[in-house]
Amino acid sequence: MMLFDNQHILSTVLFTPLAGAILMLFIPRSNAAAHRWMGNLFGFLGLLVSLPLICRFQAGQTGFQFVEDHDWIPTIGAHYTLGIDGLGLVMVILTTVLGAIAILSSWSAIQKREKEYYILLLLLQTGMLGVFTSLDFVLFYVFWEVMLVPMYFLIGVWGSERRLYAAIKFFLFTLAGSVVMLLAILAIYFNAHTFDIRTVLSAPHDFFPLQLQRWLFWGFFFAFAIKVPMVPFHTWLPDAHTEAPTAGSVILAGVLLKMGTYGFLRFSVPMFPDATNQFRGIMMVLSIIAIIYGALVCMMQKDMKKLIAYSSVSHMGFCTLGIFALTPLGLSGSIIQQLNHGISTGALFLLVGVLYERRHTRLISEFGGLSTPMPNFAVVYMIVTLSSLGMPLLNGFIGEFTILRGTFEVPRYGLTWAAFGVTGVILGAAYLLWLYQRVMFGSVTNPANEHLPDMNLREWATLAPLILLAFWIGIYPKPLFRVLDAPVRQLVEKVNPGYYTSQPPAPPAQVPAPAAAQTPESR
Amino acid sequence: MIPTTHYLFLSLALFTIGVVGVLTRRNVIIILMSIELILNAVNINLVAFSRMFGSVNGQIFAIFIITDAAAEAAVGLGIIIAFFRNRETVLADEMDLLKW
Amino acid sequence: MANGLLPQIVFYFFAALAVVSAILVVVSRSAIHSAIFLITSLLATAGIYLQLEAEFLFVVQIILYVGGIMVLFVFVIMLVNLDVSLHQLQFNRQWLVATVLAIVLGIHFSLPLWLDRGVVNLPPPSAATMQPNSEMIGQALFQNYMLPFEIASILLLVAMIGAVVMAKRRI
Amino acid sequence: MWQELFQQTRQQFHLILPEVQLAFFGMGVLLIDFLLEEREKWVNALTAMLGVIFSGISLYMLRYVPANGVKGFNNSIVIDPFFIFFGFVFLAAAALVILLSVRYLEIEKEHHAEYYALMLFATIGMMFLACGTDLIVLFIGLETMAISFYILTGFLRNDRRSNEGALKYLLLGAFSSAILAYGFSLLYGISGSTNLDVIRAEVAHRPPSDVLVILALVTVAAGVFFKIAAVPFHQWAPDVYEGAPTPITAFVSVASKAASFALLLRLFLTVFWPIRVDWTMLIAAVAVLSMTLGNIAAITESNIKRLLAYSSISHVGYILLGLVAGNTLGLEAMTFYILVYAFFNTGAFAVVIVLRRKGVIGDELDDMNGLFQRNPGAAMLMLIFLLSLAGIPPTAGFIGKLLIFWALMETQHYVLAILAVLYILPAVYYYFRIVAAMWVRDSTDSFIPRVSLGQAVALAAMGIVTLAAGIYPNPFIEFAQYSLGVLGR
Amino acid sequence: MNEAGYFLNHIWLIPLFPLASALLMLLFGRRLANIAVSVICVGSVFASFIYSLGAVLQLVARPPHARFFETVLFQWVPAGVYHTTSGLLGNFNADWGFLLDPLSSVMILVVTGVGFLIHFYSIGYMGYEGGYYRFFGYLNLFMFAMLTLVLANNLLLLFVGWEGVGLCSYLLIGFYFKKKSAADAGKKAFIVNRVGDAGFLLGIFMISGVLGTIRFSEIPAAITAGHFVIGSSVMTAIALLLFFGATGKSAQIPLYVWLPDAMEGPTPVSALIHAATMVTAGVYMLTRTNAIYKMAPFAMEIVAVVGAMTLIYAATMGVVQTDIKKVLAYSTISQLGYMFLACGVGAYEAGIFHLMTHAFFKALLFLGAGSVIHAMSGEQDMQKMGALSKKIPTTYRTMLAATLAISGIPPLAGFFSKDEILAKVFQTGHLLWLVGWITAGITAFYMFRLLFLTFHGESRVPHDVEHHIHESPATMTIPLIILAVLSVAGGWVGIGGRFEGFLAPVIHGASILREEQTSRVEAPDFLLMSLSVFVALAGIALAWHFYLKRTDLPGKLAKKWNGLYQLVFHKYYVDEIYDAMFVNRAKDLAASLAVFDAKVIDGLGVDGAGWLTRFISSISMWWDTWIVDGSIRLVSRLVWVFSYPVRMVQTGLVQSYMLLIVLGIIGILGYYWHMFHL
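Residue numbers (my numbering), protein chains in the order written: chain A, 1 to 523; chain B, 1001 to 1100; chain C, 2001 to 2171; chain D, 3001 to 3489; chain E, 4001 to 4678.
Don't take every hint at face value.
Unchecked claim - Calculated lysine-lysine pairs in the DSS-like style (CA-CA distance at most 30 Å, straight line):
no.: 1; chain 1: D; residue 1: Lys3109; chain 2: B; residue 2: Lys1099
no.: 2; chain 1: D; residue 1: Lys3071; chain 2: D; residue 2: Lys3358
no.: 3; chain 1: A; residue 1: Lys112; chain 2: A; residue 2: Lys302
no.: 4; chain 1: E; residue 1: Lys4390; chain 2: E; residue 2: Lys4179
no.: 5; chain 1: D; residue 1: Lys3109; chain 2: D; residue 2: Lys3041
no.: 6; chain 1: C; residue 1: Lys2168; chain 2: D; residue 2: Lys3041
no.: 7; chain 1: E; residue 1: Lys4180; chain 2: E; residue 2: Lys4384
no.: 8; chain 1: D; residue 1: Lys3358; chain 2: B; residue 2: Lys1099
no.: 9; chain 1: E; residue 1: Lys4390; chain 2: A; residue 2: Lys302
no.: 10; chain 1: D; residue 1: Lys3358; chain 2: D; residue 2: Lys3041
no.: 11; chain 1: D; residue 1: Lys3358; chain 2: C; residue 2: Lys2168
no.: 12; chain 1: A; residue 1: Lys302; chain 2: E; residue 2: Lys4178
no.: 13; chain 1: E; residue 1: Lys4180; chain 2: A; residue 2: Lys302
no.: 14; chain 1: C; residue 1: Lys2168; chain 2: D; residue 2: Lys3109
no.: 15; chain 1: C; residue 1: Lys2168; chain 2: B; residue 2: Lys1099
no.: 16; chain 1: E; residue 1: Lys4384; chain 2: E; residue 2: Lys4178
In case anyone wonders, no lab produced these hints; they're calculated from the structure.
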């Protein structure tokens, strides 16, 4: 079937949700059930069509696979180019899985305007997949911004009290970063004379003169740092998370934040390696701040979702830390940690959603002793908490350990970075367990909680896959490492060449300043 | 022979006076008249230049400007009448429904 | 009267008349007076046209402007008679500022011209005579400027429609 | 001698056929109107529509003109791609507005033939504005357009706002066109001719920073800036937009703006092209001012028509930036922007028109509340148009802005680029106030806006173009490129 | 591989059995009947005990030098290439692999054996508790983690077990999750352990960074290959980091604070986790990595000193506790101190030996205590006990054995192990020997104090509980008896250094220093023995004196010999003085130490740390809301506000608009004239 051969499968994956959305346009609004079914159907279809990618993906083969390339806007030289490497694969699968789960999770949670809700979710899905698969700057940017709109509505229409504020805040924050990125993209074009990401990636590390690299690095930095979000650009996150409906939070935490780190990995690091080497220190400091600061702020939260939101600030701090360690372990760890964060934080939000559906409050003080009325829930919650605080044999540990191991390797202050990171791990245990204790332990104080029903089948269905994934990554992450090896290798070869030959790592001070002079200014 | 510059200054004088009228009078009709003054100044320019170049183009232009002035005056006065019918005033600073 | 003293006298007389009556247009209390002074000013301008050997325009000015437009003005002034407004303020609040600024504007226009009259180097009035004026204008109007002439007809049609639509109580 | 006059006229007649068609049908409307009962007035709209279509056809006939165009009527007009492009924009806008007007006028009980006739005449003026290469043609064209608009603005004669808007528009317009005329007179004084090419040659020969040239430049620029509503000559826009009947507001904000831009480009790319070093700074300043003021002022505006007025001011800023860049790409960006802007801006007004009903103008932000529940389709379209106005992909507005930024970056106007980019943020903020009202707030009144057939067609067309130009902009960009012909080289 | 033998090849089954049943419990346990639960859980542990036994036998069957078996199931974390600190390419790879050598065989036997007994005991003890299945599920999970810990063939996998046992202890301490104190204790335990783990993790990083491997079997070779000088800073750093981790898990100063609170958990848990197995993980880890410590004498000094300090400090603490389990808890800490002291002086085998014996008798003590509590229907305060020896004889006898054992009375188990440690310490010529020796006395004192207060003297039991005091069921007593036997005979394996010989292949020579010193100081063994026995007896005597004799003697004497009464009284007077002069002072000291512990260490140290964290976090939250976010909101508000004046310019007055137009023209012209200097 032509739709599924290697040249078109990515398009199929990309547009299946969109097709669903368009189809749903024609179903009358009154028929909410139909929309529910269609939404779930296409969410699941989206997952199914993405599975062949896993089977056909050749790990260890460098470069992009499933590449599809057509002219799009010849007049400005923009192409419709899709393709994924190991990194892309991980992200795409994460997106499809979480997407399906998010859609399923809103079965009973969403009681108004089902039609638009599911249409928007599917649109969002397409947007995110587009970001992870597009290999053309313009295409990438288009998807990057398209995806904002559905998210705005998900928060703004189906959110809770301060939803409008949160929604517009989210929109403006993200937009502020991305518009600057647009200029950076144009600047790249005028120096590389192409929008093709592959060409720029395959260029030598001093392809852009150093001075330009610095500018471009910061140009892209804001877009990604706001998405990640790195302190101090994070304040949109707690609001957005808190106000968004469960599915929204799941997608937001699970996938949207990854776009930032993905951007760092796909653009900042490999395209501006010299600049990256220069600013590594700053980036790592920012990450460390995010880790510890986020964790500290978590402790004082009274609102579960806010707490989890700040915890994702802390966790994403680990991801950026790993990225800017610029070592194989750091990078692969970071990517795995992104996956983990998607899984465990997504699951946490789902769990909060379960509570919210029953009690319509997220205040921690409202709960307590829940493990009596809902034992299964308690068990699942415990597992998720553990995976989130990095308990071995669960996914979190693999990521955090690898990241910290990679960070430890950083010349000069390696041990210090690692030590700070470990502090973050401790704090993580502290706030997560404290939350767990306050919600689950003790005897039921609030009469409203006495007869809460335990998790129903659908909720199981949403959470079980995540938990299985968590265990799988925790116990047998080897396939992941194998898939990620090639892209990580490329990245490292770019940022510090000759790493894989057994020479001591070149200190980043040796960034060739004359290199700027050597490369002729291309325009 | 009078240098063309003098005509320029004359037209400028009329122009300025017209602007003053436009900016200061409250009566809309008088504002319109002041605008006529400005157009008149323009005409002086044109005719002077046409004399200077010895070609009649400028005068043609002047004729068209007079035409336009006539049209504007007609429409303008019509609108003023309509306005007056609804608002019982022709004072410029009393039309302040539309602001901010 | 190609050159000599007379043209200058004529010019400066008419110029002075135009300017003075223009000022009176702006300052006089009643709209009627302004209208009359405007007529004076326009007539003075017509005189200047004559002095510039633009006879046709001289006629047009008198007939069309003075005879047509100004009558219209006076008519409207009668229609919306404003004995009331005679007693109220004739100048708006910003009049002082406005006057100053207008004069500044005038200076901005004229001073550079004055300083640079060397640089501006307008050629002296050409000896080329534009006689017979009306015929030449006719030629130009119906050959080179036929198109604008046609458009002008539409413009006037529009103006007519507009005047009707606006002034008539019901269409 | 009259013989050859007719001769040349017959040869060149096809060049002005589009305008002639419009004039013909314009008068036709006036005549047919006498045959119509009160409830048959929609036939007028039909007639006018026919006129637009025929004019469009005869415009289409002219499409094979060479890039440098065909001159006619003693070089007083030139039929070049530029004209064809803008002619198309005007006609499209006119068609859309006619479609939107019928229902509106019926509600207003002001359904008269004059309305359509004036629209067509205004369109004629615009077209001559786009094709004229002679100061007189340009001026008369401009005035035809302007005066038609004064009348149309005041067309609701029993509505105080409409009167006031018309009167303000007239006074300001007359004032500004007087200034423009003064500038023209100076141009004539510089060259002794009213033909743009001659004037251009003269200007080129003039010594640099010649006082007369500068005076002419400034006065002309002031006049044109007024027409396109650029700061600081913008203040008529909000009042007139609010006062005018909403379809006319759309027409003013799109067609008259496009025509004025045609005039601006024509003048600055021919007459003032030799001295562009002198005016780039001026344009840049005006552009930045317009963006700033437009965007800032709109943030707290609660009347949608005024809000759109401010937003259109900021859009003018964006378009002018293309001229600042001044390279081919920049000009392409301008024309492309003008083209798509015609569609999505009209669209935004169209939704306001849909909200019009007896007693309620429907232009307050609260009238939008819960529009989604009341008419999802309209809300959906409005969302698209607003996204496009804000420049969010995948809409035409994004591509337009992209091209503008592109041109700025290419010409190393980095600061301007960053400014322009950052002004998207406030824009998004105030556009999304409307979005929020439509989608999130609950409706404050039970009125269900119904869309007439004409409105439906127009809305659909505009929505499709907006999306198409965003998703597959290539044809549109090519059209924009084609439009420039030899200008700006 | 087949000649390795069935049990060795299926060594992976050992941890698997408990894991399987644990999962079974946690998933479907609620549907199972208690009997099924007990059968499955206890059975699984028993199975793994059998398999460990088999494996060990097959290992022992080999010649000493070949007593080493390693098997890799699959690659676990093949994280990839990295640079060692010496700039060489390393390939970070953690397998899921098991290592069986004398050390781990001792451990698995202890773990599975004692574990099995405790499971068995729990059947009776937890029989009437809610969440029976949950309890056993956690317990089995713990067994799995612990076995992974001891069988791991690399540090990372060891860390897995390490964290796993921590988690299980968290879950089991918080088993009565409705009690806030229990939940808090659990949390405290987990977080304090995490602090230790942080050090451990960093240690692992450094090891892999410095040595390029984390496999135990490769570490010694890597060290020799690395040409490290003795006491090189790197090695010292690693050793200290690892030790920091150990202090967390094994409750040494400064991280011991969690253990006393951990007594909130059910008694079998205390027996299994907080006495026999988990807390000894630190000692095991040190012994595992002794090759590194060998290179870091300074670190060993630290270990020894910390061990000694903990040892005496905890012992003194034990003197004044009245809660029976708290006493045992402190004694555990102090016994662990002995083990670390041993490791510190390089006497790893002695440490492990004591670990084993301690596992026996301390488990027994806890179980006995549990049985007592069970009999007293939940009462834990020794003040409210007494004279139970008649009512629950079995418990009494077994506990007596255990107490003798821990006090180091020959020929019981405790004697051999403790004596060996003291001997080794003495050989190194450490003054720490003195500490150990004194503490031996104190240990005997407080242990017998416990015994006497609980079982002798007249009953202080409130009457409502009095009448239904009863001996525990067989399921509880049988393990007691077995353990009693073990704690009597367990030590005999050490006679003639057989145990030491058995462990020798694992010990890569203790610190160089020690080897020199061994030759220098030669002490007659029997002398040391007699000394320690003496001090133990002294302690017992003292305890007897104060907790039995002093209470009932006065009355009798007064009745018997009225004439001697004065004398007796006088004697008592002396006694009182003596008492007042020494014992009370000592007790006061201990008490004050206890207060210090409760208030300063626990209060300031731990809760304070928690409070401080919360305080900082509240500050940072304030910062986040008002500075970071606030600045954003301020900017947006400014833009918003600025929009009003801009709109106010729109006065609605035509002429003001015209004025602005004129102004604009003036401005532009002005600009140009300025540019052209006119």
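Hint check:
no.: 1; hint: Lys3109/D - Lys1099/B; in the structure: holds, 26 Å
no.: 2; hint: Lys3071/D - Lys3358/D; in the structure: violated, 50 Å
no.: 3; hint: Lys112/A - Lys302/A; in the structure: holds, 28 Å
no.: 4; hint: Lys4390/E - Lys4179/E; in the structure: violated, 33 Å
no.: 5; hint: Lys3109/D - Lys3041/D; in the structure: holds, 11 Å
no.: 6; hint: Lys2168/C - Lys3041/D; in the structure: holds, 20 Å
no.: 7; hint: Lys4180/E - Lys4384/E; in the structure: holds, 25 Å
no.: 8; hint: Lys3358/D - Lys1099/B; in the structure: holds, 23 Å
no.: 9; hint: Lys4390/E - Lys302/A; in the structure: violated, 56 Å
no.: 10; hint: Lys3358/D - Lys3041/D; in the structure: holds, 19 Å
no.: 11; hint: Lys3358/D - Lys2168/C; in the structure: holds, 24 Å
no.: 12; hint: Lys302/A - Lys4178/E; in the structure: holds, 22 Å
no.: 13; hint: Lys4180/E - Lys302/A; in the structure: holds, 19 Å
no.: 14; hint: Lys2168/C - Lys3109/D; in the structure: holds, 16 Å
no.: 15; hint: Lys2168/C - Lys1099/B; in the structure: holds, 28 Å
no.: 16; hint: Lys4384/E - Lys4178/E; in the structure: holds, 26 Å
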